[in-house]
Amino acid sequence: MSTTSVIEVDRLNLTYGDFHAVKDLSFEVRPGELYALLGTNGAGKTSTLETIEGHRTPTSGSVRVFGRNPQDRRAVRPRMGVMLQESGFSPDLTVRESVGLIGRLTRRTDDVDRVLDLVDLTDRARRKVSQLSGGEKRRLDFATAVWGTPELIFLDEPTTGLDISSRDAVWATVDRLRENGATIMLTTHYLEEAQQRADRIGLMHQGTFHREGTVAELTRTLPAVIRFSFPAGVPALPLPAVVDADGKAVVETFALQKDLHLLLRWAQEHAVELADLEAGPTRLDDVFRAISS
Amino acid sequence: MLSIASSELIQIFRNRLVLVTSLIMPVAVCVFFVRQHETFAAIGSLGYIAAIVIFTVAAFGLYTTAVTTLASRRQNLFLKRLRSTAVADSTILTGLLLPVAVLAVVQVTAILIALAVVTDGPDNVVLLVVAVLATLAMMTSLALATAGLTNSPEHAQVTTLPVSLGVIAVASWVGISSTENLAWLKRLLPGGAATELTMTAWNGGVAVTESLPLLAPTLAWVAIAVSLATRLFRWEPRR
Numbered sequence: 001m002s003t004t005s006v007i008e009v010d011r012l013n014l015t016y017g018d019f020h021a022v023k024d025l026s027f028e029v030r031p032g033e034l035y036a037l038l039g040t041n042g043a044g045k046t047s048t049l050e051t052i053e054g055h056r057t058p059t060s061g062s063v064r065v066f067g068r069n070p071q072d073r074r075a076v077r078p079r080m081g082v083m084l085q086e087s088g089f090s091p092d093l094t095v096r097e098s099v100g101l102i103g104r105l106t107r108r109t110d111d112v113d114r115v116l117d118l119v120d121l122t123d124r125a126r127r128k129v130s131q132l133s134g135g136e137k138r139r140l141d142f143a144t145a146v147w148g149t150p151e152l153i154f155l156d157e158p159t160t161g162l163d164i165s166s167r168d169a170v171w172a173t174v175d176r177l178r179e180n181g182a183t184i185m186l187t188t189h190y191l192e193e194a195q196q197r198a199d200r201i202g203l204m205h206q207g208t209f210h211r212e213g214t215v216a217e218l219t220r221t222l223p224a225v226i227r228f229s230f231p232a233g234v235p236a237l238p239l240p241a242v243v244d245a246d247g248k249a250v251v252e253t254f255a256l257q258k259d260l261h262l263l264l265r266w267a268q269e270h271a272v273e274l275a276d277l278e279a280g281p282t283r284l285d286d287v288f289r290a291i292s293s
Numbered sequence: 001m002l003s004i005a006s007s008e009l010i011q012i013f014r015n016r017l018v019l020v021t022s023l024i025m026p027v028a029v030c031v032f033f034v035r036q037h038e039t040f041a042a043i044g045s046l047g048y049i050a051a052i053v054i055f056t057v058a059a060f061g062l063y064t065t066a067v068t069t070l071a072s073r074r075q076n077l078f079l080k081r082l083r084s085t086a087v088a089d090s091t092i093l094t095g096l097l098l099p100v101a102v103l104a105v106v107q108v109t110a111i112l113i114a115l116a117v118v119t120d121g122p123d124n125v126v127l128l129v130v131a132v133l134a135t136l137a138m139m140t141s142l143a144l145a146t147a148g149l150t151n152s153p154e155h156a157q158v159t160t161l162p163v164s165l166g167v168i169a170v171a172s173w174v175g176i177s178s179t180e181n182l183a184w185l186k187r188l189l190p191g192g193a194a195t196e197l198t199m200t201a202w203n204g205g206v207a208v209t210e211s212l213p214l215l216a217p218t219l220a221w222v223a224i225a226v227s228l229a230t231r232l233f234r235w236e237p238r239r
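Which chain is which? The protein sequence lines are A and B, in order.
Heads up: the first sequence begins at 1 in the numbering used here, then just goes up one per residue.
Heads up: the second sequence begins at 1 in the numbering used here, then just goes up one per residue.
Don't take each hint at face value.
Computed, partial: chain B to chain A, Cβ under 10 Å [as the list claims (entries may be wrong)]:
id, residue
1, Ser6
2, Ile12
3, Lys80
Coverage of chain B stretches by chain A, computed from C-beta distances (three or more under 8 Å per stretch; other residues unrestricted) [said to hold, decoys possible]:
id, segment
4, 66-79
5, 82-96
Hints were generated in silico from the structure; no laboratory data involved.
Computed from a predicted model, the values in this text were never measured in an experiment.
Glycine included, C-beta positions come from ideal geometry on N, C-alpha and C.
Between the sequences and the hints, there should be enough to build the whole structure, so can you do that?
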């Protein structure tokens with residue numbers, strides 16, 4: 001493996017009693033990359049992420065972060081920010097106190113006001129954490145992860161529970177950090193986020209990689225899809241299609257442009273109205289459905 | 001460590017329930033003992049009052065509060081959050097327990113000074129300080145071990161009872177009946193030797209060289225509790 005990797009995972013195994021949560025997992029994350037770890041529930045992604053963060057000890061195999069053991073907190077943690085899946089803030093502390101405390105303990109330097117402004121929590125600074133909404137807690141968590149602009153940031157389902165504008169704000173901040181060279185390790189259930197932003201994706205299923213690669217590499221193996229509704233009594237369709245549960249025709253094709261043209265010309269010639277027409281490449285959702293079925 | 005300790009202190013003062021159980025309740029009990037010192041001196045001795053005051057603060061102010069705090073910080077994942085930073089586990093635990101320990105020292109000192117003012121005062125102050133510190137060390141390490149068996153702050157109300165009531169019972173047993181009979185048993189029970197040491201430090205009449213071996217059982221309890229804690233303590237809630 002390259003010595004320049006930010007994260008190196010080599011034949012990682014994690015077992016809890018009889019349960020083999022992660023099996024022989026190997027991958028690396030290079031500097032400046034946004035790597036998304038995706039998977040079905042129970043696929044082992046949280047176990048993997050927590051091992052890389054240094055919260056768990058591998059049953060076998062090795063994990064290196066910046067070439068060090070991630071459990072060597074003094075060496076590794078000042079260089080990485082962690083956004084946990086569940087907040088873990090004390091309900092009796094205020095927003096300002098929480099950010100200041102956790103920020104100081106990362107050993108990075110930053111300014112509480114700057115960070116609160118970054119996540120739009122300035123007007124909540126004096127509130128106790130117990131009075132925050134779910135979305136505000138996620139933003140507080142994000143604030144502590146980006147405190148001091150670390151080189152590596154772990155984002156464990158960062159936008160769950162956030163409204164659209166907060167989500168956009170989070171990604172705008174992440175984009176700015178990436179322009180400055182930050183490496184991002186992401187897990188998310190919003191597949192379109194991963195599809196839009198990840199350089200590479202590791203798709204976990206039952207403790208191991210089902211697939212790994214760029215979004216294009218993952219979706220290329222599956223056909224593109226055309227969907228439409230059509231009125232009764234039309235001439236025979238020009239393409240082989242199946243009718244789904246909603247009564248829509250679904251065409252799967254590896255030649256989207258050609259087949260779409262064929263369909264549209266047919267519709268034009270026969271004056272058929274194709275209601276709800278949509279066509280596009282395979283989405284990550286479909287890759288997911290393909291593995292879980 | 002001091003950042004964790006100061007944030008912990010803020011949390012203690014903001015949480016009324018913790019404030020009442022850890023500060024007000026033990027102080028109220030102690031004030032009662034000090035006011036009625038003639039009655040209790042007649043039952044046991046002034047040294048017995050000193051011992052019972054120390055154990056009341058150590059059992060409720062220190063031990064119960066520490067267990068409740070650790071269970072609560074674990075339950076809301078604050079411990080995990082702290083472990084996501086650059087600080088070591090030992091720093092986290094020290095930071096979390098420091099305010100409760102310092103509050104206990106302050107309370108015990110204030111109450112013993114009050115007792116000294118209304119009576120003739122202790123025979124050997126240094127030995128008394130040693131007895132207090134050994135007792136607080138024992139209760140702190142027992143708190144770490146108990147926290148490993150406690151799932152939530154509510155659960156702490158049950159899990160802390162055996163030790164907190166146990167040491168008060170032992171202190172009373174030793175304080176009232178002294179160690180003429182069953183001395184070895186009384187000294188081996190948690191708090192027994194510490195009570196005897198406190199009584200001799202206050203009442204006098206025993207050479208220091210004879211009293212010092214009484215530290216051994218207390219320190220042994222510290223060692224036992226710490227080794228239990230290293231096995232039992234958990235940083236994250238059970239899944």
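Here is how each hint holds up against the structure:
1. Ser6: Given a least distance of 9 Å, the restraint on serine 6(B) holds.
2. Ile12: Given a least distance of 9 Å, the restraint on isoleucine 12(B) holds.
3. Lys80: 5 Å, holds
4. 66-79: Our answer is that it holds, as 5 residues pass the Cβ test (under 8 Å) against chain A, meeting three.
5. 82-96: The restraint on the segment 82-96 of chain B holds, since 7 of its residues have a Cβ under 8 Å from chain A and three suffice.
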